[in-house]
Amino acid sequence: MKENYEAVLNHLLFHKSLISEEDDSTRIDRYLHMVEEIDKGMHIVVDDPFEKSIAAMFELVIEHQFDPWDVDLREFTKMYLKQMKGGGYVNFVVAGKLVLMAWSILKLQSEEVLVWAEPPREREEYYFGDWDLDPTVYQEPEDLDFTHAVLNRSDPPVMKPVRTQNTRPVTLIELADAFDEARKEADLQMKIDELRSKSRKQVPHDFVKKVHMENLTEDISVTWKRLGKFDGQAVPLHNLYNHDIWDRVTVFVSVLFLAMMQKVRIWQRKFPHGEIMVKTLTESEDDIVRFSEEEIQNDLTQEKLAVV
Amino acid sequence: MEKDAIVEAALFCAGRPMETEEIAEGVGLTLEEVKASLSSLVKDYSSTGGAVEVVKMGKKHVMQLRGSYAKRVMGLAEARIPKDLLKTAALIAYHQPILQSHLQKMVGQRAYGHVKELKEMNLILTRAKGNSLELTTSKSFPNYFGIDATNREDLRKWFQEKVQGASP
Amino acid sequence: MEKDAIVEAALFCAGRPMETEEIAEGVGLTLEEVKASLSSLVKDYSSTGGAVEVVKMGKKHVMQLRGSYAKRVMGLAEARIPKDLLKTAALIAYHQPILQSHLQKMVGQRAYGHVKELKEMNLILTRAKGNSLELTTSKSFPNYFGIDATNREDLRKWFQEKVQGASP
Chain U
1 MKENYEAVLN HLLFHKSLIS EEDDSTRIDR YLHMVEEIDK GMHIVVDDPF EKSIAAMFEL
61 VIEHQFDPWD VDLREFTKMY LKQMKGGGYV NFVVAGKLVL MAWSILKLQS EEVLVWAEPP
121 REREEYYFGD WDLDPTVYQE PEDLDFTHAV LNRSDPPVMK PVRTQNTRPV TLIELADAFD
181 EARKEADLQM KIDELRSKSR KQVPHDFVKK VHMENLTEDI SVTWKRLGKF DGQAVPLHNL
241 YNHDIWDRVT VFVSVLFLAM MQKVRIWQRK FPHGEIMVKT LTESEDDIVR FSEEEIQNDL
301 TQEKLAVV
Chain R
1 MEKDAIVEAA LFCAGRPMET EEIAEGVGLT LEEVKASLSS LVKDYSSTGG AVEVVKMGKK
61 HVMQLRGSYA KRVMGLAEAR IPKDLLKTAA LIAYHQPILQ SHLQKMVGQR AYGHVKELKE
121 MNLILTRAKG NSLELTTSKS FPNYFGIDAT NREDLRKWFQ EKVQGASP
Chain D
1 MEKDAIVEAA LFCAGRPMET EEIAEGVGLT LEEVKASLSS LVKDYSSTGG AVEVVKMGKK
61 HVMQLRGSYA KRVMGLAEAR IPKDLLKTAA LIAYHQPILQ SHLQKMVGQR AYGHVKELKE
121 MNLILTRAKG NSLELTTSKS FPNYFGIDAT NREDLRKWFQ EKVQGASP
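Chains as they are written, first to last, in this note's numbering: chain U, 1 to 308; chain R, 1 to 168; chain D, 1 to 168.
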């Protein structure tokens, strides 16, 4: 269970290592400090690594680092109950503090729900009034003026125009085309499922243990450095690893992590044995729209890969 | 703002036949004002000879395309069922009776949302089977799409022909 | 059938911004005929002072309710977008590219939910930057809101004029 706590720490450390020098890293330093404090038991006295990892996760949400809706409190409750039943020993002080933290997250979640459930107001001058605008966010004084003006006026500056909403019946040709497409997609989906379950059977039983023994953060950093040599170009995955099978696995797993962090984009040229391509996402805003047709067509395969 | 234009806006916005009371409530005018505006709108629209008309249907009024134009431009309207949902509907019709769990293997997580939507449209029927739901098409399915089939077997055959007729 | 009326019918029926080519294909007229009809429709609708307008947005034309009327009949329209979501959309469009963490400083915790929602509506794009997300508007943003802007800089200017150029 200690891995959970370390995963949070590693996650933060890795993000820190990715931040360029010009970027302000004070924020992430603060979170690191906070996690270390939790480790030292300054926030709450927690010795158990399992409880420590839950506390760290909760704290990050409460500190607005993560979206409260990304935390499934039910799952945490189930895990915690299981742990308590299995362990036999319960530290009620720690349990109480965890409940308080869970409650804070529930409150954050419900606040969002409340905002949505509120009936539209006639005037909203003070709708955003409880938020102090932080002037350091703005580069130009008029930017602050704009934000102020938008938040304080009763109506938003933009509205969805009212247009007609005519619909027509689906034609038989459309239905047949949709069926044809659906069949092909379903075939692909089921083939992937089959390959996945086959691969799972081939993985040695102690694989998970071995992976955990590796230093994931370091692996990802090494892969990231190798990618850096290609100057943002799309690279076939095999150019990133040497002939060693473990190096292959390490690079593949690291690339998946980088994709999850939206640092790179991966896609496969042709399913299921085509070349896997990796591309570093760069700073330019055009990057997202500049992807070639090939990449877009392979989106589906890429999504499948991302969930392997 | 002209009263006639306000009532015109209401008809354009609603896109369906509305009673005088509903319009009056929606835009904050009196019944008499709305009635007067409606009858002048009917007249104005019929005199311009444009593609759009305002007509009285029983107690209700509606803004719509003149019939002769509707046919010509119908193809430009959006299809009533979005493509993704249509794909799922086709798979159910072809594989029926099919378990929802099996459908999920074919189309992924969105299966659940789609089943709910298709059921609300009365296009499919569901019944509990084991831990999953068994899905079949409803009687309205062929009607809705204009397929000449009176039972599920014929419907399945219609889709089957599409598979065999398709180029390899 | 008059050509102008056919193009008018097409715009009424589609209810979305359409390029000249799409209209021409849909109704079976030449590009030149459609172009001529569109420009006369824009003129005609603006001169009558009714509730409906035909406007040009970039390469596309659309028929919609004049903004001043939209508010009055909003209750009759199907779905409404919450005002605070629209405000967040405006802030992103003006400040783009903007970090989600900055947005959160402006509008608070609801930033997360709003970003998710706007992304699901295909109105914004997100990508990782540092330990936050960088937000920009998508290509559909101006179309969706009926703003005549073809790039992000024009969009920014539109909002600037709308908010800061407006009466205090």
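Keep in mind the hints are simulated off the structure, nothing from the lab.
Take the hints with a grain of salt, since some may be wrong.
What the hints assert, rightly or not - Label-pair restraints from in silico Cβ distances:
#, chain 1, residue 1, chain 2, residue 2, range
1, U, ARG196, R, ARG80, 48 to 56 angstroms
2, U, PRO272, D, MET121, 53 to 61 angstroms
3, U, GLU111, D, GLU120, 25 to 33 angstroms
4, U, VAL253, R, LYS139, 30 to 38 angstroms
5, R, LYS119, U, ASP193, 41 to 49 angstroms
6, R, ARG127, U, LYS201, 32 to 40 angstroms
7, D, MET74, R, ARG80, 20 to 28 angstroms
8, R, HIS102, U, GLY232, 40 to 48 angstroms
Unchecked claim - A short list of chain R residues far from chain D (calculated; beta carbon distances all over 12 angstroms):
#, residue
9, MET18
10, VAL42
11, THR48
12, GLY50
13, VAL52
14, MET57
15, GLN64
16, SER68
17, VAL73
18, GLY75
19, VAL107
20, ASN122
21, SER138
22, SER140
23, ASN151
24, ARG152
As the list claims (entries may be wrong) - Pairs of lysine-lysine residues, derived as BS3-like cross-links and limited to a Cα-Cα distance of at most 25 angstroms, are as follows:
#, chain 1, residue 1, chain 2, residue 2
25, R, LYS43, D, LYS3
26, U, LYS263, D, LYS43
27, D, LYS3, D, LYS83
28, R, LYS43, D, LYS157
29, D, LYS129, U, LYS160
30, D, LYS59, R, LYS116
Ideal Cβ placement from N, Cα and C applies to all residues, glycine included.
Do the hints match the structure? See the list:
no., hint, in the structure
1, ARG196/U - ARG80/R: 48 to 56 angstroms, "violated, 36 angstroms"
2, PRO272/U - MET121/D: 53 to 61 angstroms, "violated, 34 angstroms"
3, GLU111/U - GLU120/D: 25 to 33 angstroms, "violated, 20 angstroms"
4, VAL253/U - LYS139/R: 30 to 38 angstroms, "violated, 52 angstroms"
5, LYS119/R - ASP193/U: 41 to 49 angstroms, "violated, 25 angstroms"
6, ARG127/R - LYS201/U: 32 to 40 angstroms, "holds, 35 angstroms"
7, MET74/D - ARG80/R: 20 to 28 angstroms, "holds, 25 angstroms"
8, HIS102/R - GLY232/U: 40 to 48 angstroms, "holds, 43 angstroms"
9, MET18, "violated, 8 angstroms"
10, VAL42, "holds, 14 angstroms"
11, THR48, "violated, 9 angstroms"
12, GLY50, "violated, 5 angstroms"
13, VAL52, "violated, 6 angstroms"
14, MET57, "holds, 17 angstroms"
15, GLN64, "violated, 9 angstroms"
16, SER68, "violated, 7 angstroms"
17, VAL73, "violated, 5 angstroms"
18, GLY75, "violated, 6 angstroms"
19, VAL107, "holds, 19 angstroms"
20, ASN122, "holds, 20 angstroms"
21, SER138, "holds, 26 angstroms"
22, SER140, "holds, 24 angstroms"
23, ASN151, "holds, 35 angstroms"
24, ARG152, "holds, 34 angstroms"
25, LYS43/R - LYS3/D, "holds, 22 angstroms"
26, LYS263/U - LYS43/D, "violated, 50 angstroms"
27, LYS3/D - LYS83/D, "violated, 40 angstroms"
28, LYS43/R - LYS157/D, "violated, 43 angstroms"
29, LYS129/D - LYS160/U, "violated, 30 angstroms"
30, LYS59/D - LYS116/R, "violated, 38 angstroms"
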